[in-house]
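Number of protein chains: 2
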Amino acid sequence: MKKHNFSAGPAILPQPVFEQAAEAVRDFNGMGLSLLEISHRSPQFTAVLDEAQVLVRDLLGLSDAYEVLFLQGGASSQFFMTAMNLLDEKGKGGYVDTGSWSAKAIKEAQAFGPVEVVASSKASNYNAIPKGYPIPDGLTYLHITTNNTIFGTQYKALPETATRLVADMSSDIFSKPVDTERFDLIYAGAQKNMGPAGVTLVIVRKDALGKVGRHIPTMLDYRTHIKKGSSFNTPPVFPIYVSMLTLRWVKANGGLKAMQARNEAKAKLMYEAIDSNPLFDGTVAAAEDRSVMNATFNLIEGREDLFAPFLELCEEAGCSGVKGHRSVGGFRASLYNAMDLESVQVLADVMHAFTEKYA
Amino acid sequence: MKKHNFSAGPAILPQPVFEQAAEAVRDFNGMGLSLLEISHRSPQFTAVLDEAQVLVRDLLGLSDAYEVLFLQGGASSQFFMTAMNLLDEKGKGGYVDTGSWSAKAIKEAQAFGPVEVVASSKASNYNAIPKGYPIPDGLTYLHITTNNTIFGTQYKALPETATRLVADMSSDIFSKPVDTERFDLIYAGAQKNMGPAGVTLVIVRKDALGKVGRHIPTMLDYRTHIKKGSSFNTPPVFPIYVSMLTLRWVKANGGLKAMQARNEAKAKLMYEAIDSNPLFDGTVAAAEDRSVMNATFNLIEGREDLFAPFLELCEEAGCSGVKGHRSVGGFRASLYNAMDLESVQVLADVMHAFTEKYA
Ligand SMILES: Cc1ncc(COP(=O)(O)O)c(C=O)c1O
Ligand SMILES: Cc1ncc(COP(=O)(O)O)c(C=O)c1O
Ligand SMILES: [Mg+2]
Ligand SMILES: [Mg+2]
Ligand SMILES: [Mg+2]
Ligand SMILES: [Mg+2]
Numbered sequence: 001m002k003k004h005n006f007s008a009g010p011a012i013l014p015q016p017v018f019e020q021a022a023e024a025v026r027d028f029n030g031m032g033l034s035l036l037e038i039s040h041r042s043p044q045f046t047a048v049l050d051e052a053q054v055l056v057r058d059l060l061g062l063s064d065a066y067e068v069l070f071l072q073g074g075a076s077s078q079f080f081m082t083a084m085n086l087l088d089e090k091g092k093g094g095y096v097d098t099g100s101w102s103a104k105a106i107k108e109a110q111a112f113g114p115v116e117v118v119a120s121s122k123a124s125n126y127n128a129i130p131k132g133y134p135i136p137d138g139l140t141y142l143h144i145t146t147n148n149t150i151f152g153t154q155y156k157a158l159p160e161t162a163t164r165l166v167a168d169m170s171s172d173i174f175s176k177p178v179d180t181e182r183f184d185l186i187y188a189g190a191q192k193n194m195g196p197a198g199v200t201l202v203i204v205r206k207d208a209l210g211k212v213g214r215h216i217p218t219m220l221d222y223r224t225h226i227k228k229g230s231s232f233n234t235p236p237v238f239p240i241y242v243s244m245l246t247l248r249w250v251k252a253n254g255g256l257k258a259m260q261a262r263n264e265a266k267a268k269l270m271y272e273a274i275d276s277n278p279l280f281d282g283t284v285a286a287a288e289d290r291s292v293m294n295a296t297f298n299l300i301e302g303r304e305d306l307f308a309p310f311l312e313l314c315e316e317a318g319c320s321g322v323k324g325h326r327s328v329g330g331f332r333a334s335l336y337n338a339m340d341l342e343s344v345q346v347l348a349d350v351m352h353a354f355t356e357k358y359a
Numbered sequence: 001m002k003k004h005n006f007s008a009g010p011a012i013l014p015q016p017v018f019e020q021a022a023e024a025v026r027d028f029n030g031m032g033l034s035l036l037e038i039s040h041r042s043p044q045f046t047a048v049l050d051e052a053q054v055l056v057r058d059l060l061g062l063s064d065a066y067e068v069l070f071l072q073g074g075a076s077s078q079f080f081m082t083a084m085n086l087l088d089e090k091g092k093g094g095y096v097d098t099g100s101w102s103a104k105a106i107k108e109a110q111a112f113g114p115v116e117v118v119a120s121s122k123a124s125n126y127n128a129i130p131k132g133y134p135i136p137d138g139l140t141y142l143h144i145t146t147n148n149t150i151f152g153t154q155y156k157a158l159p160e161t162a163t164r165l166v167a168d169m170s171s172d173i174f175s176k177p178v179d180t181e182r183f184d185l186i187y188a189g190a191q192k193n194m195g196p197a198g199v200t201l202v203i204v205r206k207d208a209l210g211k212v213g214r215h216i217p218t219m220l221d222y223r224t225h226i227k228k229g230s231s232f233n234t235p236p237v238f239p240i241y242v243s244m245l246t247l248r249w250v251k252a253n254g255g256l257k258a259m260q261a262r263n264e265a266k267a268k269l270m271y272e273a274i275d276s277n278p279l280f281d282g283t284v285a286a287a288e289d290r291s292v293m294n295a296t297f298n299l300i301e302g303r304e305d306l307f308a309p310f311l312e313l314c315e316e317a318g319c320s321g322v323k324g325h326r327s328v329g330g331f332r333a334s335l336y337n338a339m340d341l342e343s344v345q346v347l348a349d350v351m352h353a354f355t356e357k358y359a
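Going down the list, the sequences are from chains A and B. Heads up: the first sequence is residues 1 to 359, going by the UniProt record's numbering. Heads up: the second sequence is residues 1 to 359, going by the UniProt record's numbering.
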């Protein structure tokens, strides 16, 4: 049976990427060696790293002011590394609190300098993206989480400010075009739209660095990795290779504008299935804040007893990963780049069939 | 043609591990999904993580005093993380300087507390393991690099001291039994004997932690990862899986005593080929310090012109990765667990044939 993988991350990647990655583990480019056993300084792997960097630049339209890094440690390491490299007692980091990941970023930053939470949707259990709040002058940066994987909200427009942004784009990078010039730094754990777990993308504006006085361990200083082209030490070879293959697929399939069209069509189908269905409710307050990547929904009040039967029917139809994040419950259908519209239709049909039976 | 991979790291892994890893990228355990697209919190992956931890404990005979962590960032991140978590101004870290990696560990530690280099072989270009030096009392720990990947030296006996050791075992972990009770902390980048690049093993004695006063970012505090079983955030799924497969292979092939016998036989063959050959010289001063993992050698003085022709003959015979580290030149044959004696014989034969032609 064909599987439809709605997992929030690690998540679906294009099928041809899995095929090529499996082959590279057996024999990389006809070398007679596995990709896993060759030197990260071999011409064969440095070509991969170069191509991955060029694809990131190309797809996002990055100017020369930016550097592209492939690091380790996940987006969670960027929560503190951004502040460690950009913030000190002379400055102030502004943060918008739109979910658990934003909250962790705020917590980690506080150790490195003054932090001001300029807006938060915490009081409404993060069911909206705050809008219309004043943004103070003189912030070192304004940190946002562009897509809130757990709560199913997403920025459709960037905050209006002259201050440069720092953004956690873990769950919507490469899903649509971005005005990258607005950012000092963008980071993303690869394991949604970009690749498998084990590599973290960092895009940083060179002129934002070197302004804090503190000691930074060599491995935590972005400048180390800029100078050494992400090869100061052994980079995560296989995760980078699979990311490169995935970005090649994005480009071959029309780039970010094409991804956006594809993703919006899937989201439309998914939210229509939720809204039209009498057994299910979306969790996000306003339609405009709904994530194109992660559609979160619940059973209507009083029918929570149908939780397990619904997940069972999903599994029977080959739809996996539909369970919501353990911290919020309910359901979540993640609709990353690699997912087809047909798979979303399968889930919509399951919801419909379920309602025929139980409503 | 069969390839004989003498690369220093990323390095050769057992052939069946490559086969199983490739299959898991296509379809993991018959799930109909790639290992790369499943949640790190799925029962299928947590079983992998558990088995990997149990194998590490089992193979090394770890007591309950120790925790086993699978982290990101490479051994290079451990250079500072060890000191950040264990050392402060009230203590003193002792270091033995036996090569470039030791020197980096010393440099990174200095930011976190007093550091004393108790012995160094730097003056002789790191061609020996220091012995018979006094070790001061009252050290917080004594840091050693058990195998010096670049210079081809290896500790055959641990320093005599009651102080607990901290060790970089990146290039000889799982190659022989270790008296683990002597250590407060052991770390190793996976990409030699344990797995592919992208995961770092840390073994830490619980009672060594929590003694420094400084703020430690959540992701850099070993206690975070202990509490969350290496899943505080998304772990490097595929590198951990391949490491688990490799450790299974080590166990199925007799464990660390069997690895030791196997590795010593290969090293004996390799060093005999070097010593008996009039064109080549070993680089390590005393036979007892020679690494069982990385055999370093040079052309004899005056015949450096033969450098390129020798590497060419190696490649023709399928022997790859024989070039020495870019910082020292010469040659290096790495003989990790997964390498067969037959492959070492092929290299020895190449050296012999080369000498027949040129000596
Ligand atoms: C928006 C966002 N930020 C951060 C993270 C944490 O990423 P990592 O597990 O790579 O540390 C996640 C993980 O799902 C996420 O969705
Ligand atoms: C002994 C030793 N320590 C540390 C390192 C650095 O490891 P990593 O590249 O994982 O940071 C290496 C790499 O070869 C090594 O051989
Ligand atoms: Mg969230
Ligand atoms: Mg509805
Ligand atoms: Mg060395
Ligand atoms: Mg000789």
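Don't take every hint at face value.
Which residues of chain A face chain B? A few of them, derived with a C-beta cut under 7 Å, are [as the list claims (entries may be wrong)]:
{"hint": "1", "residue": "10"}
{"hint": "2", "residue": "12"}
{"hint": "3", "residue": "20"}
{"hint": "4", "residue": "22"}
{"hint": "5", "residue": "34"}
{"hint": "6", "residue": "36"}
{"hint": "7", "residue": "39"}
{"hint": "8", "residue": "212"}
{"hint": "9", "residue": "233"}
Pairs of lysine-lysine, PhoX-like flavour, derived with a Cα cap of 20 Å [as the list claims (entries may be wrong)]:
{"hint": "10", "chain 1": "A", "residue 1": "228", "chain 2": "B", "residue 2": "211"}
{"hint": "11", "chain 1": "A", "residue 1": "156", "chain 2": "A", "residue 2": "268"}
{"hint": "12", "chain 1": "A", "residue 1": "104", "chain 2": "A", "residue 2": "92"}
{"hint": "13", "chain 1": "B", "residue 1": "107", "chain 2": "A", "residue 2": "227"}
{"hint": "14", "chain 1": "B", "residue 1": "104", "chain 2": "A", "residue 2": "228"}
{"hint": "15", "chain 1": "A", "residue 1": "92", "chain 2": "A", "residue 2": "107"}
{"hint": "16", "chain 1": "A", "residue 1": "104", "chain 2": "B", "residue 2": "227"}
{"hint": "17", "chain 1": "B", "residue 1": "92", "chain 2": "A", "residue 2": "104"}
{"hint": "18", "chain 1": "B", "residue 1": "211", "chain 2": "B", "residue 2": "92"}
{"hint": "19", "chain 1": "B", "residue 1": "323", "chain 2": "B", "residue 2": "2"}
{"hint": "20", "chain 1": "A", "residue 1": "211", "chain 2": "A", "residue 2": "90"}
{"hint": "21", "chain 1": "B", "residue 1": "251", "chain 2": "B", "residue 2": "227"}
{"hint": "22", "chain 1": "A", "residue 1": "227", "chain 2": "B", "residue 2": "211"}
{"hint": "23", "chain 1": "A", "residue 1": "107", "chain 2": "B", "residue 2": "90"}
{"hint": "24", "chain 1": "B", "residue 1": "107", "chain 2": "B", "residue 2": "90"}
{"hint": "25", "chain 1": "B", "residue 1": "227", "chain 2": "A", "residue 2": "107"}
{"hint": "26", "chain 1": "B", "residue 1": "156", "chain 2": "B", "residue 2": "131"}
Just so you know, the hints here were simulated from the structure itself, not pulled from any lab data. Every residue gets a Cβ at the ideal spot worked out from N, C-alpha and C, and that includes glycine.
Can residue 22/A be said to touch chain B, with a Cβ gap under 7 Å? holds (4 Å)
Measure nothing beyond the straight line between the CA atoms of residue 156/B and residue 131/B; if it is 20 Å or shorter, mark the hint as holding. holds (11 Å)
For a C-alpha distance cap of 20 Å, please report whether residue 227/B and residue 107/A respect it. With a Cα-Cα distance of about 19 Å, the restraint between residue 227/B and residue 107/A holds, given a limit of 20 Å.
Under 7 Å, Cβ to Cβ, is where residue 39/A needs to be relative to chain B, so tell me if that hint holds or is violated. holds (5 Å)
With the threshold set at 20 Å, check whether the alpha-carbon distance from residue 107/A to residue 90/B stays at or below it. violated (28 Å)
Hint consistency between residue 228/A and residue 211/B [alpha-carbon to alpha-carbon, up to 20 Å]: violated (35 Å)
Can you confirm whether the C-alpha distance between residue 227/A and residue 211/B stays at or below 20 Å? Given that 20 Å is the threshold and the Cα spacing comes to 35 Å, the pair is violated.
Tell me if the straight-line CA distance from residue 104/A to residue 92/A falls inside 20 Å. holds (17 Å)
Does residue 10/A pass the interface check with chain B, least Cβ-Cβ distance below 7 Å? At about 6 Å, which falls below the 7 Å cut-off, the nearest Cβ of chain B leaves the hint on residue 10/A intact, so it holds.
Does residue 2/B sit within 20 Å of residue 323/B, going by the straight-line distance between their CA atoms? Holds, at about 19 Å.
Is the straight-line distance between the alpha-carbon of residue 211/A and that of residue 90/A 20 Å or less? Given pair residue 211/A, residue 90/A holds - Cα atoms ~10 Å apart, limit 20 Å.
So, as I understand it, the hint says residue 12/A touches chain B; can you test that by seeing if any CB pair is closer than 7 Å? holds (5 Å)
When the structure is compared with the earlier hints, violations turn up for hints 3, 8, 10, 17, 21, 22 and 23 and for no others.
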